[in-house]
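Chains Y and P are the protein sequences, given in the same order. Letter 8 of the first sequence, counting from 1, is numbered 169 in our numbering, and no numbers are missing. Letter 10 of the second sequence, counting from 1, is numbered 139 in our numbering, and no numbers are missing.
Just so you know, these hints were derived from the structure itself, not from any lab. Just so we're clear, the structure is a prediction, and the values are computed from it rather than from any experiment. Beta carbons: idealized from backbone N, C-alpha and C, even for Gly. It is possible that part of the hints are untrue.
As the list claims (entries may be wrong) - Here are some chain P residues pointing at chain Y (derived, C-beta under 8 Å):
1. R184
2. G187
3. F189
4. P190
5. E204
6. F224
7. T231
As the list claims (entries may be wrong) - Some residues of chain P that are not near chain Y, with every Cβ distance over 12 Å (derived):
8. G132
9. S156
10. I175
11. F176
12. A209
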Amino acid sequence: KNEVEQSPQNLTAQEGEFITINCSYSVGISALHWLQQHPGGGIVSLFMLSSGKKKHGRLIATINIQEKHSSLHITASHPRDSAVYICATNFGNEKLTFGTGTRLTIIP
Amino acid sequence: DAGVTQSPTHLIKTRGQHVTLRCSPISGHKSVSWYQQVLGQGPQFIFQYYEKEERGRGNFPDRFSARQFPNYSSELNVNALLLGDSALYLCASSFRPDYGYTFGSGTRLTVV
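Chain Y on its own, in the form it takes in the complex (with noise of 0.2 Å):
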């Protein structure tokens, strides 16, 4: 079966804090994505990446294809940082799988 997990559900960190939230999966994939969805918000695309690593600004995410395992790290994080991290991959199909999403809250 295809899944996406992700961990923490929930994490709660002081401002300037280095945060890391993991995603793993049940099968090969090309490619994954790494989405931010504000509170009653729309998804914002983070970062797609099939290999390696990326960075934007304070965001890096890494995948290793092998592990089948990919994190998103925030370097000094903020609270405008806060809002729910979600993990997606299509699994060479039509649609997204997400993962269930992490829940970041990013205390001043």
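Given chain Y, put chain P in place with the hints provided.
Just chain P now, kept in the frame of chain Y:
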């Protein structure tokens, strides 16, 4: 360059009514997908269109239909609205189905 544009942003409808949601993809993107996100849950796949043809359909009743126009914009139609159709409806566009996706901000539909 404009992102994925969805309209309207918010909508309130009465049970039994019909609704049409619209999506304009990023220029050059030929694939559009629709997702439903009920409050507190993850997005669920409804449809995908590529080059104006339906490429995939999720587990939704026939009350849900969609189409893609020659300019690659898309409409999602829902007939005989139920309270349970209240959700955020998301559109995502891509150059091809196996490329990265860009999401619109969504249309929040409330059925009363």
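Just want to verify: I175 (chain P) was marked as not at the interface with chain Y; is every Cβ pair farther apart than 12 Å? With a cut-off of 12 Å, I175 (chain P) comes too close to chain Y, as the shortest Cβ separation is near 9 Å.
Should the hint that F189 (chain P) touches chain Y count as held when the rule is a Cβ pair under 8 Å? Not OK, violated: F189 (chain P) not within 8 Å of chain Y, min 12 Å.
Per-residue hint verdict: R184 (chain P), partner chain Y, C-beta under 8 Å: 5 Å, holds
Please check whether T231 (chain P) passes as an interface residue: C-beta within 8 Å of a C-beta belonging to chain Y. With a minimum Cβ separation of about 5 Å from chain Y (threshold 8 Å), the hint on T231 (chain P) holds.
Taking 8 Å as the limit, does the beta-carbon of G187 (chain P) come near enough to a beta-carbon in chain Y? Constraint on G187 (chain P) satisfied, holds at 6 Å.
Chain Y versus S156 (chain P) - minimum CB to CB distance exceeding 12 Å, so not interface: 16 Å, holds
Holds or violated: F224 (chain P) as interface residue toward chain Y, Cβ cutoff 8 Å? With a minimum Cβ separation of about 12 Å from chain Y (threshold 8 Å), the hint on F224 (chain P) is violated.
With 12 Å as the threshold, tell me whether G132 (chain P) passes as away from chain Y on beta-carbon distances. 10 Å, violated
Minimum beta-carbon distance criterion (8 Å), E204 (chain P) to chain Y: Violated. Min distance 18 Å.
Whether F176 (chain P) stays farther than 12 Å from all C-beta atoms of chain Y, as the label says: 9 Å, violated
Exclusion check [A209 (chain P) not at the chain Y interface, CB over 12 Å]: 24 Å, holds
Classify the hint on P190 (chain P) as holds or violated, based on whether any CB of chain Y lies nearer than 8 Å to its CB. Violated. Min distance 17 Å.
Comparing the model with each earlier hint shows violations of hints 3, 4, 5, 6, 8, 10 and 11; every other hint is respected.
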